[in-house]
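Enquirer: Each chain is listed here by its residues.
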Amino acid sequence: MSDTMDNATQPIVRMQQLNKHFGALHVLNGIDLEIIPGEVVVIIGASGSGKSTLIRCINGLEEFQSGSLVVDDNELLPYGKSTQALQTIRTEVGMVFQQFNLFPHLSVIDNVTLAPVKVRGLILEDAKNNAKRLLDRVGIADQADKYPNQLSGGQQQRVALARALAMEPRLMLFDEPTSALDPEMIGEVLDAMRELAKEGMTMVIVTHEMGFAREVADRVIFIHKGEITEQGSPETLFDSPQHERTQSFLARVLKH
Amino acid sequence: MDVNFQFDWSAAFGSIPYLLPGIPWTLLISFGGLAIGFFIGIFFGLLRISRLRWLRWPAIFYIEVFRGTPILVQVLFIFYGLPQLLGSPINPLVAGIAAIAVNSGAYISEIVRGGVQSIERGQGEASLSLGLSRTQSFRYVIWPQAFRRMIPSLGNQGIISIKDTSLFSVIGVGELVRQGQIYISTTFTALEVYFMVALMYLAITWTLSIILRQLEVRGLAGQ
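Protein sequences appear in the order of chains Y and W. With the first sequence counted from 1, adding 8 to any position gets you the working numbering. With the second sequence counted from 1, adding 465 to any position gets you the working numbering.
Among the hints, a few may not be true.
[What the hints assert, rightly or not] Chain W side only, calculated, beta carbon under 10 Å to chain Y, not exhaustive:
no.	residue
1	Ser594
2	Gly596
3	Gln601
4	Pro609
5	Thr654
[Unchecked claim] Quick list of the computed label-pair ranges, beta carbon to beta carbon:
no.	chain 1	residue 1	chain 2	residue 2	range
6	W	Leu493	Y	His29	49 to 59 Å
7	W	Ile525	Y	Ser241	54 to 64 Å
8	Y	Gly219	W	Arg521	44 to 54 Å
9	Y	Thr244	W	Arg521	48 to 58 Å
10	W	Leu520	Y	Arg128	24 to 34 Å
11	W	Leu493	Y	Gln92	46 to 56 Å
[Stated by the list, open to error] Anything over 12 Å on all C-beta distances counts as not near chain Y; from chain W, calculated:
no.	residue
12	Tyr483
13	Ile514
14	Leu632
To be clear, the hints were calculated from the coordinates, so they are not data collected in a lab. Ideal placement from N, C-alpha and C gives every residue a C-beta, glycine not left out.
Next up, chain Y with everything else stripped away, as it sits in the complex:
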């Protein structure tokens, strides 16, 4: 998808001049970003660059102070002053966290069915069938009755993915989904994400996995000090970065 800015396609996320401060710290500085349905966007940057904060703004886990943000036709207002839109957006936007954040008091299947039953109003039986299908899809159908702490990190993260998918989101956010995993478990989570991308899910991914970014991204965005320094196709950004900041960042991360 090279012409991602096709006018015929309505963007699912439209961010204009978004600013966020943590006290004196200017975390996001006039971010302009549009994401169209079906697009896979990978955000890279050093830690503290604001990349996690950026995607956390999209589902309102972080407030911003000025600018405009429309997600799936719902407008989020500055200072979190838009409760109703926020609720709607969160039912349509799924998120996978670095620390999985599974509910430890609920079994795997109950983790997956909670939101569909309580938010979407699904009948428990339907939600369970749906959950089993999703768990099967991410390769952990046999763990449905276990509790999160009985699973490996990679399995937990795949449950977290199934849990988010159970809400049938139109957009999925990934906040460093493999950063807390042991190296041997990173592959299984990336595989599940790769499958999802193939099926056409719109995804915004913050990651340090550059190989994965190159493979699945339609567009890669490099963020530095709260600003989008450079963006483009993975080939352009990884092989011929224009900005010095991007070059030095890539030199550092690709060396390993």
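Dock chain W against chain Y, hints included.
Expert: Chain W only, in chain Y's frame:
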């Protein structure tokens, strides 16, 4: 005083029939007060962590007042002081239950606050990101986990409150200590009787400890 004093087992055992009627009163005041105190604790504990000052401040005030004054003074205030305001006497049983309720309520507020605040931020974020409302997130995700963590502290508070009811002999409720005092006033066997009174408190608190340990084991099994 007789220095060759012997512990008189027959006097100790003989006091049992007179002490036993005190047990239901002790239990009624403790558990009645704790049940109300539990709800008071949830209420003020949650107000205490509200982001709104005018909800938080009354909770802080309540907690500080009832944690910072002796329960003996509280029960005397309720039993002797409040009737002057109300113009009618208060039943000592009601006064005892009320004192345990407001006193344990203050401590339980802090237990609730600590329990809820101990839950990792990611739990709330994950549930909100799934579209759950703040209320649903609290009810289905935060509270069940917080409550499990609160069980040991709640048990501790239960034991403290049970023992606190012994002070209510001063307002004439026929609980264990009061029954003992009445009995001693005719037999003068203080050593034996207070020994038995102590044993009865121990029997109650020990039973509670065992029940709580079972609850904890069962609660943790799921995690």
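Enquirer: None of the hints should be skipped; say for each whether it holds.
Expert: Now for the hints, and whether the structure bears them out:
Proximity of serine 594 of chain W to chain Y holds as hinted, the smallest CB-CB distance being about 4 Å (cut-off 10 Å). The closest approach between the C-beta of glycine 596 of chain W and any C-beta of chain Y is roughly 3 Å, which is under the 10 Å cut-off, so the hint is satisfied. Hint status for glutamine 601 of chain W: holds, given a least beta-carbon distance of 5 Å to chain Y, under 10 Å. Given the 10 Å rule on beta carbons, the hint for proline 609 of chain W holds: about 5 Å separates it from the nearest Cβ of chain Y.
Interface restraint check: threonine 654 of chain W against chain Y, minimum CB-CB distance 52 Å, threshold 10 Å, status violated. Separation of leucine 493 of chain W from histidine 29 of chain Y is about 57 Å and conforms to the stated range, judged on CB atoms against 49 to 59 Å. Hint check: isoleucine 525 of chain W to serine 241 of chain Y, Cβ distance near 56 Å, so the stated range 54 to 64 Å holds. Distance hint check: the CB atoms of glycine 219 of chain Y and arginine 521 of chain W are about 49 Å apart, consistent with the given range 44 to 54 Å.
Between threonine 244 of chain Y and arginine 521 of chain W the Cβ separation comes to about 53 Å, which falls inside the hinted range of 48 to 58 Å. Between leucine 520 of chain W and arginine 128 of chain Y the C-beta distance comes to about 31 Å, which sits within the given range of 24 to 34 Å. Take leucine 493 of chain W and glutamine 92 of chain Y: their Cβ atoms lie about 49 Å apart, and the range 46 to 56 Å holds. Look at tyrosine 483 of chain W: its CB is around 48 Å from the nearest CB on chain Y, clear of 12 Å, so calling it non-interface holds up.
The beta carbon of isoleucine 514 of chain W sits about 18 Å from the closest Cβ of chain Y, which is more than 12 Å, so the claim that it is off the interface holds. At roughly 38 Å, the least C-beta separation between leucine 632 of chain W and chain Y is larger than 12 Å, which holds for a residue marked as non-interface.
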